[in-house]
Amino acid sequence: MTNPADIRRQADTAKLGMWVFLFTEMLLFGGLFIVYSVYRLRNAAAFHLAAQEMSVVIGTANTIILLISSSTIAMAMTAIRKDNKRLALLLTGFTVILGLLFLVNKYFEWGAHFREHIYPGSSTLALRGQGDVLFFGLYFFMTGLHALHIIIGMTIIIVIMTFISRGRIHANRYSVLENGALYWHLVDLIWIFLFPLFYLIT
Amino acid sequence: MENEQEDIIPYKTFLIVLAILIGLTLTSVALTRIYLGALTAAAALVIAAVKSSFVLRIFMHLKTDKKMFSVLVIAVALLISTVIIITFLDYLYR
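First to last, the sequence lines map onto chains A and B.
For the first sequence, the numbering used here begins at 1 and goes up steadily by one.
For the second sequence, the numbering used here begins at 203 and goes up steadily by one.
Keep in mind that the hints were calculated from the coordinates and are not lab data.
Please read these numbers as outputs of a predicted model, since none were measured by experiment.
Misleading hints may appear alongside valid ones.
Okay, derived cross-link-like pairs now, SDA-like style, lysine to any residue, Cα gap no bigger than 20 Å in a straight line [claimed, not checked]:
hint : chain 1 : residue 1 : chain 2 : residue 2
1    : A       : Lys82     : B       : Phe271
2    : A       : Lys15     : B       : Thr266
3    : B       : Lys214    : A       : Asn84
4    : B       : Lys214    : A       : Arg86
5    : B       : Lys265    : A       : Asp12
6    : B       : Lys268    : A       : Asn179
7    : B       : Lys268    : A       : Thr78
8    : B       : Lys268    : A       : Asn84
9    : A       : Lys15     : B       : Val273
10   : B       : Lys269    : A       : Phe23
11   : B       : Lys214    : A       : Gln52
12   : A       : Lys15     : B       : Phe271
13   : B       : Lys265    : A       : Phe23
14   : B       : Lys268    : A       : Ala14
15   : A       : Lys82     : B       : Ile210
16   : B       : Lys269    : A       : Ser175
With the sequences and hints as input, model every part of the structure.
Right, here's the structure in full:
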């Protein structure tokens, strides 16, 4: 039941399952990217002006935070395979802290929009016209859905940390960490495209 | 046991890739600050695509994993880009 060849085969199967799930996530966000592109095409002027209201500094900071967090969870895999439990816990913990930092930035970013009465369903926003309603509607929905993924990812990594500390994830059995890391990398991957779409292309 | 250890990716690889990714991010920010006209969007998206290939190949181990995973990812990427292209053909030439 637990000979190394069997464990490896089970790990491959689990990884395939994880990838299939990630594909559904890619299609979900892919669909939203299409909606964004089509509305941008049809409301080019409004999207151009609205995108200039985004804070490129916060956007860039959050991009770098997520990239670092992706590298720390990737290194946690190396640590666990080298049987370095302490370092693996440190790196996964650091990943969770970076995820939290991302959300704190998001809180301030959204807070600043809310203070200017820009939020879905706001009458101030409605007065600015259809293009602005679409841009900010997509912005809040897509970055909000992404932030939800960050929260889910952090929860998964915290569970993984308890598994590592209890010795349920170790040098010969690391499939759960590997698949959790794949999920976290996907969340990073989605942000890599959200960032230019909402912050850079004006 | 020894050949099992061979596919462990060294810490240094991840740090180098991280440096490249941060460099690309700052490049895309700088590029979009200067005026490139219609090229701005294209440049930002090309850089995003390059960044995602680093994440997929190194962080998500596609480079060292079984080929099957890469084939599947490429197939899904082609599917999404086909849908995007067809949608745009419809909107631009309707």
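Verification of the supplied hints:
Taken as a hint, the A/Lys82 and B/Phe271 pair is broken in the structure, with Cα atoms around 24 Å apart against an allowance of 20 Å. At most 20 Å may separate the alpha-carbon atoms for a hinted pair to count; A/Lys15 and B/Thr266 meet this at roughly 14 Å. Pair hint B/Lys214 plus A/Asn84 holds up; C-alpha atoms about 16 Å apart against a cutoff of 20 Å. Taken as a hint, the B/Lys214 and A/Arg86 pair is honoured in the structure, with Cα atoms around 18 Å apart against an allowance of 20 Å.
Proposed proximity of B/Lys265 and A/Asp12 is supported: the alpha carbons are some 15 Å apart, at most 20 Å. Pair hint B/Lys268 plus A/Asn179 holds up; C-alpha atoms about 15 Å apart against a cutoff of 20 Å. For the hint pairing B/Lys268 with A/Thr78, the CA-to-CA distance comes to about 18 Å; that is within 20 Å, so the pair holds. As the CA atoms of B/Lys268 and A/Asn84 are separated by approximately 26 Å, the hinted pair breaks the 20 Å bound.
For a cut-off of 20 Å, the pair hint linking A/Lys15 to B/Val273 stands: about 14 Å separates their Cα positions. Simply put, B/Lys269 and A/Phe23 have alpha-carbon atoms about 16 Å apart, close enough for the 20 Å limit, and the pair holds. Using a Cα cut-off of 20 Å, the hinted pair B/Lys214 and A/Gln52 is violated, with the two alpha carbons roughly 38 Å apart. Distance hint between A/Lys15 and B/Phe271 is fulfilled; the C-alpha atoms sit about 9 Å from each other, no more than 20 Å.
Simply put, B/Lys265 and A/Phe23 have alpha-carbon atoms about 18 Å apart, close enough for the 20 Å limit, and the pair holds. For the given pair, B/Lys268 sits about 14 Å from A/Ala14 by alpha-carbon distance, which is consistent with the 20 Å threshold. At roughly 8 Å between alpha-carbon atoms, A/Lys82 and B/Ile210 fall within 20 Å of each other, so this suggested pair holds. Distance restraint check for B/Lys269 and A/Ser175: the Cα-Cα separation of roughly 18 Å lies within the 20 Å cut-off, and the hinted pair is therefore satisfied.
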